[in-house]
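Here is how the chains run, residue by residue.
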Amino acid sequence: MRDRFFRRRLVDRTVRGACLLAMLLALVPLVSVLWFVTLRGIGGLSWSFFSELPRPVGETGGGMANALLGTLELVGLACLFGIPAGVLAGIHLSTFGHSRFGRFVRFAADVMSGVPSIAVGLFVYAVVVTTSRSFSGFAGAIALAILMLPTVARTTEELLKLVPEALREAALGLGVPKWRTTLFVVLRTAAPGVVTGIMLAVARASGETAPLLFTAFNNRFWSTDPSEPMASLPVTIYAYAVSPYEDWHRQAWAAALVLVALVLVLNVLARFVVRRRWGLG
Amino acid sequence: MDGTASPLIRARSPVARLLGIKGNPGDALFDRLTGFFALFLVVLLAAMAVAMAKSAMPTFRTFGFGFVTGAIWDPLRQTFGALPFVYGTVVSSVLALVLAVPVSLGVAIYLSELAPLRLRQPLGFLVELLAAVPSVVYGLWGVFVLAPWLRSSVEPALARTLGFLPLFQGPHQGFGMLAGGIVLAIMVVPTVSSVSREVLSAVPHSLREGALALGATRWEAVRLAVLPYARSGLVGAVLLGLGRALGETMAVTMVIGNRAEISSSLFAPSYTMASVLANEFTEATGELHLSALAEIGFLLFVVTVLLNVIARLLVGKTRREPDGGRA
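Top line first, the protein sequences correspond to chains U and F.
Positions 2 to 282 (our numbering) are the ones given, in order, by the first sequence.
Positions 19 to 345 (our numbering) are the ones given, in order, by the second sequence.
These are calculated hints, taken from the structure and not from any lab test.
Straight line, CA to CA, 35 angstroms or less: simulated DSBU-like cross-link-like pairs of lysine-lysine:
| no. | chain 1 | residue 1 | chain 2 | residue 2 |
| --- | --- | --- | --- | --- |
| 1 | U | Lys179 | F | Lys335 |
| 2 | U | Lys179 | U | Lys162 |
| 3 | U | Lys162 | F | Lys335 |
Residues on chain U that point at chain F, a partial pick, calculated with CB under 10 angstroms:
| no. | residue |
| --- | --- |
| 4 | Pro30 |
| 5 | Leu31 |
| 6 | Arg41 |
| 7 | Pro85 |
| 8 | Ala109 |
| 9 | Ala110 |
| 10 | Pro117 |
| 11 | Ala127 |
| 12 | Leu201 |
| 13 | Gly208 |
| 14 | Pro235 |
| 15 | Ala242 |
Note that the Cβ used here is the ideal one computed from N, Cα and C, for glycine as well.
Bound-form chain U, shown alone (with noise of 0.2 angstroms):
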């Protein structure tokens, strides 16, 4: 009896101290990757990694400002089309959600976050540069739009479903018509929590590299105009991190400290923005 008991203590142990190990293994490769890109990524950065343009190949020096800007335009754009498509279909998602139809996108949606996010730029591919005979930032745009979609549906429709009946019934009770309730009551309250979901799928969108090989390609000058080839920050990393430069590996690696910079910045500021107004996590 007694036999028994210890060793049933014995495997509680075990499997728990087991549990705690899987928990910290699975941070040692993010600890180990943070400390890398800030170890080695800092010496590179300096105002010329900011501000002039890539050298020619075999020269050391330049920097990345293409590269920059080009990710910030290509986000915003996605943006543009993303966050209001996405936010409109999570509305209907959230009112409309218990229909054959609305289980039909909801499923839709979260099958569509799976899809690999290079098949998104092959897609984007057939139907935009092929068209447009060229790489082109929008068709980039377009792809990381498509990417961030689903994403700002769900979770607009999740926190839509999380505000009170009883506060889209006051207005309705006040003659308020049911669009202006949905916008100005009930998305409005529940704010933050969108807010949050966008940032997420931003934060996830700019550090996206397989949808642009093949959409916005790259650029080695200053490319504003969205009609022709954008460089980005991950699609230079990339090429950087391949080529055989010694240079050119420490650039990709200050590049990846700005990029996880901007990256977790986005991740933190939203949790923040939650827990604040929502108590949530």
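Since chain U is already given, all that's left is putting chain F on it; use the hints.
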């Protein structure tokens, strides 16, 4: 549009009547607008399937189903067989799951059952950060940190201890299937563990409490009461992870070595479906090459969509099951 007028007493405008709109025209328009974007989402998914299938047609006509079984990929001779890429994708993803699933389940069980309440949120946030780091950054880390470490320490150690297995033979290069599998595992862990955690937290508390009240230890309560209830959801979580692993591109491309060969050794370089797309698509020579790549993309799309459909159904099943607490 003034918000105080009742929609009931407002006369319908001729335009509204013409469009068949009843009630407040603002409402009708707004519902149509949101409905349009909801529909747009579905149309987009269908359009992806159609567009990719269309661009894959030329290779499908030329090679038929032999495309998937052909082992030779030679753009110069216009011979396209995708088997090495299918093999690389499947093996690297399976390797990733073998490494990632135990860790992810451990994380999920720890976070939902064992960890002190105060630690659960911050630790969960850290696991989600793991998913937030861009793929290309993992690739960079893989190229300059992971691969050299594998070459100098891990692969020699594996060869010394397990070298009798064909898996661990051959030259130590760092870049290869092993590196690809490890990077994929790192990127899959957050997906599997956060979905699993969600599934576990949907298990009714009364089940745990019942087991504990009967004298079970914490682990016994998890094993006997929680895991059986959550089983289909956990399988769904693993499938979602598999979907992620199959389609992941950049990090794998950077570390897997990119050689279209089938080798039994995990140390040998390999190639995945997503990687060959990333590497060759912009430099494709001729229409058939382009179409062959498009077919690879189409296959990847179909497989991941199917996996996601199955996974979502499984995860949804656990969530929707009736509240065990009432029984």
